[in-house]
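**Q** Next come the chains, spelled out residue by residue.
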Amino acid sequence: MPKIIYRQADGREDAVEVPLGWSLMEAAIQNDIAGIVAECGGGCACATCHVYVGQGSKVELPEIGDMEGDMLECTSAERRDSSRLSCQLRMTAELDGLVVDIPETQT
Amino acid sequence: MNPYVVIGAGQAGMQVCDSLRKSGYDGELILLGEEDSLPYQRPPLSKKFLTGDLDRDRLLFRPAAYFDKIAVDVRLRTQVESIDRAARQIVLGDGSTLAYTKLALTTGTRVRPLNCPGHELDNIYYVRTLTDSEMLLQRLASTERVAVIGGGFIGLEVAAVARELEKQATVIEAQERLMARAVSPVVSDFYAKLHRSRGVDVRCSSAVESIVESKQGLLVNLADGARIESDIVVAGIGVLPNSELAENCGLACNSGIVVDEYAQTSDPHIVAAGDCTMHFNGFLQREIRLESVQNAVDQAKVAAATLCGQPQAYRQVPWFWSDQYDVKLQMAGIGMPFDQYAVRGDLASQAFSVFYFRDNTFVGADSINRPAEHMACRKLLTQGTTLSVAQAQDIDFDLKQLAKAG
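Those protein sequence lines, which keep their order, are chains G and R.
Residue 1 is where the first sequence starts when you use my numbering, and the numbers rise one by one after that.
Residue 1001 is where the second sequence starts when you use my numbering, and the numbers rise one by one after that.
Be careful, since some hints might not be right.
Said to hold, decoys possible - Listed below are the simulated BS3-like cross-link pairs for lysine-lysine, each with C-alpha atoms no more than 27 Å apart in a straight line:
no., chain 1, residue 1, chain 2, residue 2
1, G, Lys3, R, Lys1048
2, R, Lys1167, R, Lys1193
3, R, Lys1069, G, Lys3
4, R, Lys1167, R, Lys1215
Said to hold, decoys possible - Examples of chain R residues toward chain G, derived with CB under 10 Å:
no., residue
5, Thr1051
6, Arg1056
7, Arg1058
8, Trp1321
9, Gln1330
10, Lys1379
No lab work stands behind these hints: they were computed from the structure.
Being a predicted model, the structure only gives us computed values, none of them experimental.
Don't be surprised by glycine CBs; every beta carbon is placed ideally from N, CA and C.
Given the sequences, and given the hints that come with them, work out the whole structure.
**A** Right under this line is the structure:
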């Protein structure tokens, strides 16, 4: 199964096998990755599953939807070019090995 | 020392356990749940779960391993008979007793049942528990026509799913408009139009007289003489707080378990949190019962803090959301009742917010497909920032900037 590497702000990493089609938020929650809160459970309603992805990676991520873009304006940690909501990113085979950086704060 | 016991394994119960551990409580901790599942998310039960696209495992907040890791003894399929406050113990359904040092009640709500003639017939469904939704999901596969009784969030979300699954759908609402308790007439009208445009037969001011069986399925008889033919009925007519355990042991109750700003009940050893509480809300400065994820999470954190002797008052701004079709409704604050309102954006574009004012004070907003405005409103309400009607309806006025400025 393809893996995602969740990296904490302090550099600690967890490699997690993620079933295809799952969101990167769900996989984090089900594997008890610290720092992904996901208050709304994936409804794109709370901006507490904010992550930084794709820096230094050639992987093409799906474009940021209108709703996600709006919610990214409201994250607790600073928004960067690499900011995404992990509830909106679905696992694909191409994402295998992707590093997902978790911000220091979500709320 | 006897354990801390949490009664009710929903979102609030789960959060109490999580927060107790994060606050440093390292004693024995027991979470009791009536259902046969680990704590799971309820919001998808009336939305995505009914489309069949979401396995039940994906509804769980956390896997079983998590509860082992934080040393929570989760006991499912466990009924609580009574609480003996004098002896500080609870009596379980099998007659055994469990002594506690501190107790948290996170018992939630149950659905308000229909009481019209015919309410006991087969093919009448409710949406509250995972089991409820699994039964409905299964039945939907062989269903052509769905009659929804109740035009609130749950009923409308179910109607939206039914249309997405290409079923016929009728919504029967007793009040004159949809979601009347939660939103303003502007928003109600928008949703009535939305549902009608997607093919739902929306009937407001329609009381249900009776439900009878017919050769073709069920007939819902309305007070105005109309008869709705359907294969199944889904009822979403509100919920009742599970406060009997608390009432029977003499805790103060009033349409819910009464707690103060610290989630404290009338017994110093017992806290309560979530849908089941009638609580003093520091933000609203009045007593209220809130049925929401936000309240379950935030009040549970307050309850855990109280149990740990680090009290912090509950002052969070309430927020809610509802997904119907591709339209997201997000509510900040409590807009009802209001004496002035302002619309920002264009209703026809299905992206707008409605701001509510009471005595010239901004008290809440409903945002339709406007998440950034919703988040800005939560911030403004939290900070108590002054917002005028003119600013609210001026699309060029920068709400986010105002929220940032504080």
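**Q** Take the hints in turn and mark each one as holding or not.
**A** Cross-check of the supplied hints:
1. A threshold of 27 Å between alpha carbons decides the hint, and for G/Lys3 with R/Lys1048 the separation of about 26 Å falls inside it, so the pair holds.
2. At most 27 Å may separate the alpha-carbon atoms for a hinted pair to count; R/Lys1167 and R/Lys1193 meet this at roughly 18 Å.
3. Our distance criterion of 27 Å between C-alpha atoms is met by R/Lys1069 and G/Lys3, whose separation comes to about 23 Å.
4. Annotation: proposed proximity of R/Lys1167 to R/Lys1215 holds, straight-line Cα distance about 19 Å (limit 27 Å).
5. At its closest, the beta carbon of R/Thr1051 sits 14 Å from a beta carbon of chain G; the interface hint therefore is violated under the 10 Å criterion.
6. Interface restraint check for R/Arg1056: the shortest CB-CB distance to chain G comes to about 13 Å, outside 10 Å, so the restraint is violated.
7. With a cut of 10 Å, the hint placing R/Arg1058 at the interface with chain G holds, because the nearest CB-to-CB distance is about 6 Å.
8. Among the interface hints, the one on R/Trp1321 holds; its C-beta lies about 4 Å from the nearest C-beta in chain G, closer than the 10 Å criterion.
9. Of the supplied interface hints, the one on R/Gln1330 holds, with its beta-carbon coming within about 6 Å of a beta-carbon of chain G, less than 10 Å.
10. The beta carbon of R/Lys1379 comes within 8 Å of a beta carbon in chain G, closer than 10 Å, and the hint placing it at the interface holds.
The structure fails hints 5 and 6 (numbered hints given earlier, in ascending order).
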